[in-house]
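Enquirer: One letter stands for each residue in the lines below.
Number of protein chains: 2
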Amino acid sequence: MADEETILALVLGLERSALDRWGKGDPDGYLEINAPDVTYFDPFVERRLDGIAALTNWYDQVRGKIKIDRDEIVDPLFQLIGEAAILTFQFVSHGSEGAMRWNCTEVYRKVDGDWKIVHSHWSFAKNKI
Amino acid sequence: MADEETILALVLGLERSALDRWGKGDPDGYLEINAPDVTYFDPFVERRLDGIAALTNWYDQVRGKIKIDRDEIVDPLFQLIGEAAILTFQFVSHGSEGAMRWNCTEVYRKVDGDWKIVHSHWSFAKNKI
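In the order they appear, the protein sequences are chains A and B. With the first letter of the first sequence counted as 1, position 95 gets the number 95 in the working numbering; the numbers rise by one all the way through. With the first letter of the second sequence counted as 1, position 124 gets the number 124 in the working numbering; the numbers rise by one all the way through.
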């Protein structure tokens, strides 16, 4: 399972790096690791966003507005299915939006040798902290 | 792509049948199509539920309490990755809980010839209707 562990460490590293940039108001970290055919839900979009162009348009609206002082990926878990990796966790953050706890699903797919997000679902967890 | 279309029709049928039973207060339709290693988020659980035993315990608490009069799977979309199928949609329902709109992610995996849910993420959509 060494290969599987390598994949999991790689994907978790991608997510952490994207979050680090996100917390500085920079959504490009995420945009760079999203696949062209990504689908996306969060509590602020009225409908599912389909495709990187729709996601880019959405992220451009929050660019520079978010500042996270400290955060944590809580209890990450992977389910690996061939070239699909489902990463689920809760995300706790403290910053410009106050204290937040999210439920998060990220499905990664191997695309031309790189792991890219093909589906994201972010939602508010029951309890903030 | 005939094979792919067959899979998609099959999986959407599984979801619809499970929802039909759910709307009559019967969670067993879902429990029967969940995999042993399912992971699960909804807005009412404090943490991710891991495994069919945890999900069964949770669903047992709502058994018989939900009554959906009419509902709709809105704009379902599939992303097929080998033996993983990501189904995303919004779900609009009218019934005992009032009018609801959900964002929904269901990841199915082929397990011993049957498609089973390995990850569910249900959350409130921005607008109810």
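Bear in mind the hints are in silico, worked out from the structure with no lab data behind them. Hints may be right or wrong, so weigh each one.
No copy labels: a pair is met if it fits in one copy or bridges any two.
[Claimed, not checked] Here are the simulated lysine to aspartate or glutamate pairs, EDC-like style, with alpha carbons at most 16 angstroms apart:
id: 1; residue 1: Lys126; residue 2: Glu46
id: 2; residue 1: Lys126; residue 2: Asp42
id: 3; residue 1: Lys128; residue 2: Glu46
id: 4; residue 1: Lys24; residue 2: Glu5
id: 5; residue 1: Lys67; residue 2: Glu83
id: 6; residue 1: Lys116; residue 2: Asp37
id: 7; residue 1: Lys110; residue 2: Asp60
id: 8; residue 1: Lys65; residue 2: Asp20
Enquirer: Given identical chains, is Lys126 near Asp42, meaning Cα to Cα at most 16 angstroms, within a copy, between copies, both, or neither?
Expert: both (15 angstroms within a copy, 8 angstroms between copies)
Enquirer: Since the copies are identical, ignore which copy is meant and state whether Lys24 and Glu5 lie within 16 angstroms (CA to CA) inside a copy, between copies, both or neither.
Expert: neither (29 angstroms within a copy, 42 angstroms between copies)
Enquirer: Is the C-alpha distance from Lys126 to Glu46 at most 16 angstroms within one copy, between copies, in both cases, or in neither?
Expert: between (20 angstroms within a copy, 5 angstroms between copies)
Enquirer: How would you label the pair Lys110, Asp60 (within, between, both, or neither) given a Cα cut-off of 16 angstroms?
Expert: neither (26 angstroms within a copy, 37 angstroms between copies)
Enquirer: When no copy is specified for Lys65 and Asp20, does a C-alpha distance of 16 angstroms or less occur within a copy, between copies, both, or neither?
Expert: within (14 angstroms within a copy, 42 angstroms between copies)
Enquirer: Within a copy, between copies, both or neither: where do Lys67 and Glu83 come within 16 angstroms Cα-Cα?
Expert: neither (33 angstroms within a copy, 39 angstroms between copies)
Enquirer: Treating 16 angstroms as the Cα threshold, decide for Lys128 and Glu46: within, between, both or neither.
Expert: between (22 angstroms within a copy, 10 angstroms between copies)
Enquirer: Cα distance capped at 16 angstroms. Does Lys116 pair with Asp37 within a copy, between copies, both, or neither?
Expert: Only inside one copy: Lys116 and Asp37 sit 10 angstroms apart there, 24 angstroms across copies, limit 16 angstroms.
In the structure shown, a violation is registered for the earlier hints numbered 4, 5 and 7, in ascending order.
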